[in-house]
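Given chain A, put chain B in place with the hints provided.
In case you want the letters, here they are:
Protein chains: 2
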Amino acid sequence: MSNEVSRRDFLNLIAALGGSSALIQAGTALGLMPGAAQAAEFNMPVGSGNGKSAVILGAGISGLCAAYELMKAGYQVTVLEASHRAGGRVMTVRHGDLIDEIGNRQYCEFDDEPHMYFNAGAARIPSTHKHVLDYCEELGVELEVFINENKSAYFQDDNMLGGKPIRNGEFSTHVRGFLAELFAKNFDEAELSQSFSRSEMETLIGVVRSFGDLDAQMKYSGSLRAGYAKGGFLEHGTPKEVIALKELVQGRFMREALTANEGETGPILMQPVGGMDMIIKGFLRPLGDRVQYRAMVRSVQVGNDRVSVAYEQNGERHNIEADYCFNCIPSHLMTGIPNNFPSDYLEAMSYIRRGEAYKAAFQAKTRFWEKEGIYGGISWINAPIRQVWYPPHGIHKAKGVVLAAYDYGGGMYFTNMSQEERLEAALAQGEKIHPNYRQQVEKGITIAWHRMNHMLGCSARWPRDFSTGWTHHEENLYHRLQQSVNGRHYFIGDQVSQHSAWQESAILSTHWALRDMLGQQQNQALNSQVSGTVAG
Amino acid sequence: MSNEVSRRDFLNLIAALGGSSALIQAGTALGLMPGAAQAAEFNMPVGSGNGKSAVILGAGISGLCAAYELMKAGYQVTVLEASHRAGGRVMTVRHGDLIDEIGNRQYCEFDDEPHMYFNAGAARIPSTHKHVLDYCEELGVELEVFINENKSAYFQDDNMLGGKPIRNGEFSTHVRGFLAELFAKNFDEAELSQSFSRSEMETLIGVVRSFGDLDAQMKYSGSLRAGYAKGGFLEHGTPKEVIALKELVQGRFMREALTANEGETGPILMQPVGGMDMIIKGFLRPLGDRVQYRAMVRSVQVGNDRVSVAYEQNGERHNIEADYCFNCIPSHLMTGIPNNFPSDYLEAMSYIRRGEAYKAAFQAKTRFWEKEGIYGGISWINAPIRQVWYPPHGIHKAKGVVLAAYDYGGGMYFTNMSQEERLEAALAQGEKIHPNYRQQVEKGITIAWHRMNHMLGCSARWPRDFSTGWTHHEENLYHRLQQSVNGRHYFIGDQVSQHSAWQESAILSTHWALRDMLGQQQNQALNSQVSGTVAG
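Chains as they are written, first to last, in my numbering: chain A, 1 to 536; chain B, 1 to 536.
To be clear, the hints were calculated from the coordinates, so they are not data collected in a lab. Each hint should be verified, as a subset may be incorrect.
Which copy is meant is left open, so a pair is good if it fits within one copy or across any two.
Claimed, not checked - Derived DSSO-like pairs (lysine-lysine); straight-line CA-CA distance at most 30 Å:
(1) Lys246 x Lys185
(2) Lys443 x Lys219
(3) Lys219 x Lys397
(4) Lys219 x Lys230
Chain A on its own, in the form it takes in the complex (with noise of 0.2 Å):
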């Protein structure tokens, strides 16, 4: 018998492929364009909140952009947070900082230096997150460009090419021109001929040559696209030598190569100038003294008409009432606390679960990749730490921090490790792709989201399986927890939104509740002026 595999095989593997690519094409699926039918701007009336008070539990992005807003409507505000630090999510390490880690406090080693810092969270705005970028023209955030894919950055697998890295550009080259090969060669004309004419068969056909960098006989023999043996400046450039499919197919990255540019990160990607966290340094500047630190929430007991909460402070307890509250402490610390909410929105809140997510950084002694050619973006490894990152900010500087590690797939490999054999582990899978990485590195710092005071996870995650998408239950829960409770208690955050882990779900969580309150008090308005009406 040989290994052939009939049609009936071929579809029955396509079909039983459906699981797990419908798990993939969820995962690329979450990003994206401009989208046409964008909420309008939002604004609140200005003075609509002169002599009305808030409470605002949690200095996360949504919490903040809520204090921002009422603010400036009126009203009189108070943010509680837990931490010593406002930003939730939205984190970034310098010099002399604290990650609160539980069992793995550490302080920030990097020298003082404002393009020597570590996005630990946030660290990516895509150029379709309106309201994020809105938010940093009006508070005056400065930004640049980031880059995500880089051709001059590596892919590495040990599976692949005897573990030797290969740049993104090479590899990408040989599966673009290969897979336009095969697409070429089995190209039925007969009937495309029946839907296309000669004219546009001709451009499909150029489109898949050009794509693959085919030659006149429609074979992929190696492309300069895939870089220079030698020469291309002086003298003409001589191709790098093909290496076959067969090859290439046993690493792990034939779809990040044509896809890396798909899905969220495929927008023009930006980063505040000096750090994520200028957002939240934005929002504070105006909210001064309004929030509070170390308050940690007691209880939340909401009225028909008013929210007390209570917390605790440097060992004191304080009680604030307020007409509004919102809230966005993660619903699964929010459920431990003493609260009088209904049942079905506990429910909802009990609902979501976490996911865990790691990072690890190192100071870099010298900006080594810029010597490899690679200015920002991503080397991808088969390993642990998943992926290396180098900073597209600061240039030619002296120094630089890279990432070393980004493993959000909710392994506990790094997690139960002590702080040195997690450095270990990122100097080890890293010297993969840099021989001399451990000699480059210094100071490195980790973070385990899950593990983070008054966090204990990263983001939320709603569905509870990924390859079917959203039950008709979740849905359900998702906007019962949408919904206030009595109009005086919100529950916003990225754990309200359908696409969390940004801080545009955040901040639309947000101007969702404040138009719902909005509306409520129109509502309450029109029907007391009617009452009045009647009585007089």
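Structure of chain B alone, referenced to chain A:
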């Protein structure tokens, strides 16, 4: 008879496309990835020029690079530049600057702010252009990321979608989807299975599916990668309606959509902060008054030991003698200046033709593109202006400068227009992409490089027939011109490279010449040492 195309027709079609596709291949294959075998670091021995002199003709980047390296090595250096400015085709236009186009002199009226500039010539530095980047580092030229491809920018073609512009990301997602579907349908599993195991085939199928974002039946039925019709954050995103391949194929941008990220502009691109001529200013700082402006060369005579150059400045004729001459005067102008070059050297110079290139720019009253979610990048239009570039710098500032036309095809469409006609054409074509473009832009400037004073042409063009590449004759001419005259006169610039129109080539031509000079000096020293030994 149906319009069915037979396999023979199909193969003929591919063969027939060979000519034009080879052209495309030549065009896309010009760039690329970091070469493993780049030339070693270039360093002139310190003090090696003490007591020696050099005259440099032309203050283009190759000339300035030569002057800088020679000066560092101890040479007495003079640079003669015909125009009022240094930089040649590295030219940044700002408030008050003169564009010295013959018959169309203009002064730039942009607002006088650091980010309000227009790179009228060189505008992008690929991260693979190591030597340009090295000089930026050495000369303290600050770099930032440049954006080329932007999925939020537009494609517009009157022949497609009734002329309605479409976002790059929407267009290219549909193209990828339909191509992947076609490919999947025609995959020959029997053939594949001869080379690939079942698990390898699974990977390949998964790659195709992922490439096109196909559904479980390997059909393209739309993708969120094309953008949200609505939702996307608080609610699930709804995909945009699919546009039929039959419609997409009517435009001329299918290739661009799939290959914009390949070739010379595929690597990370950078630009100096504040304008490309920051590199020129970087070279000029240490050179000081060694650069003479408005100095028109009238004669170049190469002797055995010296070079004698006559030039005119302020109406007076001067003569300068030097040990060496490095000459980056455009070849077609140099052949018109009295000289005593050997005939084969002159033949090579005369052979080089020049490209035509035309650019236009406007000051924009607001950064209207950012309101459309476009942060940097290029919109493509099937019209003579070809491209609109949005600045990647100055994000969210009040104004910006847009490139309003870039006709690099050598057409004469804009050349013979009056300035008013040129600007009107840019407006009329640009408003096909941005309906209120005309109201948004002002203070247009234009530049036809082939009419620029002291240049009269853009990049060098060596091969007469791009589809067949360089002929043997052309190779011979090129290598003759690269050689010196008497070891005393070197012709430099991107015109003495096989990859013109890039600063990297210009710099490498200078390095080649300096290395050759050093080699000849060493040989002479060795010879005279030997003679000395014999005489002794």
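Verification of the hints:
1. With identical chains, the CA atoms of Lys246 and Lys185 are at most 30 Å apart both within one copy (17 Å) and between copies (21 Å).
2. For a Cα distance limit of 30 Å, the shortest separation of Lys443 from Lys219 qualifies neither inside one copy, at 50 Å, nor across copies, at 50 Å.
3. Taking the shortest alpha-carbon separations for Lys219 and Lys397, neither the intra-copy value of 44 Å nor the inter-copy value of 49 Å comes in at or below 30 Å.
4. Within a single copy, Lys219 and Lys230 get their C-alpha atoms as close as 23 Å, which meets the 30 Å cut-off; across copies the closest is 42 Å, which misses it.
The structure shown violates the earlier hints numbered 2, 3.
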